[in-house]
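Visitor: Use these hints to put chain B onto chain A, whose structure you have.
Sequence order for the protein chains is A and B. Each residue of the first sequence is one higher than the one before, counting from 415 in this note's numbering. Each residue of the second sequence is one higher than the one before, counting from 95 in this note's numbering.
Keep in mind that a hint or two might mislead.
[Unchecked claim] The following label-pair restraints were derived from C-beta to C-beta distances:
{"id": "1", "chain 1": "B", "residue 1": "Pro-205", "chain 2": "A", "residue 2": "Lys-465", "range": "45 to 55 Å"}
{"id": "2", "chain 1": "B", "residue 1": "Glu-99", "chain 2": "A", "residue 2": "Pro-475", "range": "19 to 29 Å"}
{"id": "3", "chain 1": "B", "residue 1": "Gly-135", "chain 2": "A", "residue 2": "Gly-516", "range": "18 to 28 Å"}
{"id": "4", "chain 1": "B", "residue 1": "Gly-134", "chain 2": "A", "residue 2": "Glu-517", "range": "16 to 26 Å"}
{"id": "5", "chain 1": "B", "residue 1": "Gly-122", "chain 2": "A", "residue 2": "Gln-494", "range": "36 to 46 Å"}
{"id": "6", "chain 1": "B", "residue 1": "Pro-205", "chain 2": "A", "residue 2": "Gly-430", "range": "41 to 51 Å"}
These are calculated hints, taken from the structure and not from any lab test. Every residue, glycine too, gets a C-beta built ideally from N, C-alpha and C.
Chain by chain, the residues:
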Amino acid sequence: NAGVMQNPRHLVRRRGQEARLRCSPMKGHSHVYWYRQLPEEGLKFMVYLQKENIIDESGMPKERFSAEFPKEGPSILRIQQVVRGDSAAYFCASSVGLAGLGEQFFGPGTRLTVL
Amino acid sequence: KNEVEQSPQNLTAQEGEFITINCSYSVGISALHWLQQHPGGGIVSLFMLSSGKKKHGRLIATINIQEKHSSLHITASHPRDSAVYICAVLDSGGGADGLTFGKGTHLIIQP
Numbered sequence: 415n416a417g418v419m420q421n422p423r424h425l426v427r428r429r430g431q432e433a434r435l436r437c438s439p440m441k442g443h444s445h446v447y448w449y450r451q452l453p454e455e456g457l458k459f460m461v462y463l464q465k466e467n468i469i470d471e472s473g474m475p476k477e478r479f480s481a482e483f484p485k486e487g488p489s490i491l492r493i494q495q496v497v498r499g500d501s502a503a504y505f506c507a508s509s510v511g512l513a514g515l516g517e518q519f520f521g522p523g524t525r526l527t528v529l
Numbered sequence: 095k096n097e098v099e100q101s102p103q104n105l106t107a108q109e110g111e112f113i114t115i116n117c118s119y120s121v122g123i124s125a126l127h128w129l130q131q132h133p134g135g136g137i138v139s140l141f142m143l144s145s146g147k148k149k150h151g152r153l154i155a156t157i158n159i160q161e162k163h164s165s166l167h168i169t170a171s172h173p174r175d176s177a178v179y180i181c182a183v184l185d186s187g188g189g190a191d192g193l194t195f196g197k198g199t200h201l202i203i204q205p
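Isolated chain A, as found in the complex:
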């Protein structure tokens, strides 16, 4: 049973470009969470999704950021018109059940560098 998969592992973008980060949850998991770790800072919650639904996006910036988890395929975190401040490690985690009832398992992260 493969763990949580994220790709790419490293992504370099120039200012103004778009970044697409993908997360495939563990088999049987229907809940996905995205977290961001800025350099020298702790992890922060961004968004919580179930299949085809955004449950909570209170931690995600209102502009330029969006997330989806379609019925088929991976969850996507999309950052439009990237800026240098978006450079960070982005982790996704998945769980089998409702938040708090299912342990969250983390992917290896995508390290985004904006030039």
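Guide: Frame of chain A, contents of chain B only:
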């Protein structure tokens, strides 16, 4: 929103020592996670607990719900235990369903 405090921030110890990392939080939770992160690496979930104590190998995690406090212990520490250990909680009061994280404890075990 919960506030999570970890102590110490940095810890250097000799191989074989018994290690304790502490975590306190400010409001009620439904679960607490201990995570491990190696430099430049991914995040590994060590424990999820909501009461009592759990043990896995040389790692032990305890939680006291009344005192809003958890500890992570490492027995017979080894240089490969060197990593950042992160405490994270899931609020029980609703709101965001994501975890709230402490700033982490940087542990170095010297041979």
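Visitor: Work down the list of hints and note, for each, if the structure agrees.
Guide: A quick look at each hint next to the structure:
no.: 1; hint: B/Pro-205 with A/Lys-465: 45 to 55 Å; in the structure: 48 Å, holds
no.: 2; hint: B/Glu-99 with A/Pro-475: 19 to 29 Å; in the structure: 26 Å, holds
no.: 3; hint: B/Gly-135 with A/Gly-516: 18 to 28 Å; in the structure: 23 Å, holds
no.: 4; hint: B/Gly-134 with A/Glu-517: 16 to 26 Å; in the structure: 24 Å, holds
no.: 5; hint: B/Gly-122 with A/Gln-494: 36 to 46 Å; in the structure: 38 Å, holds
no.: 6; hint: B/Pro-205 with A/Gly-430: 41 to 51 Å; in the structure: 48 Å, holds
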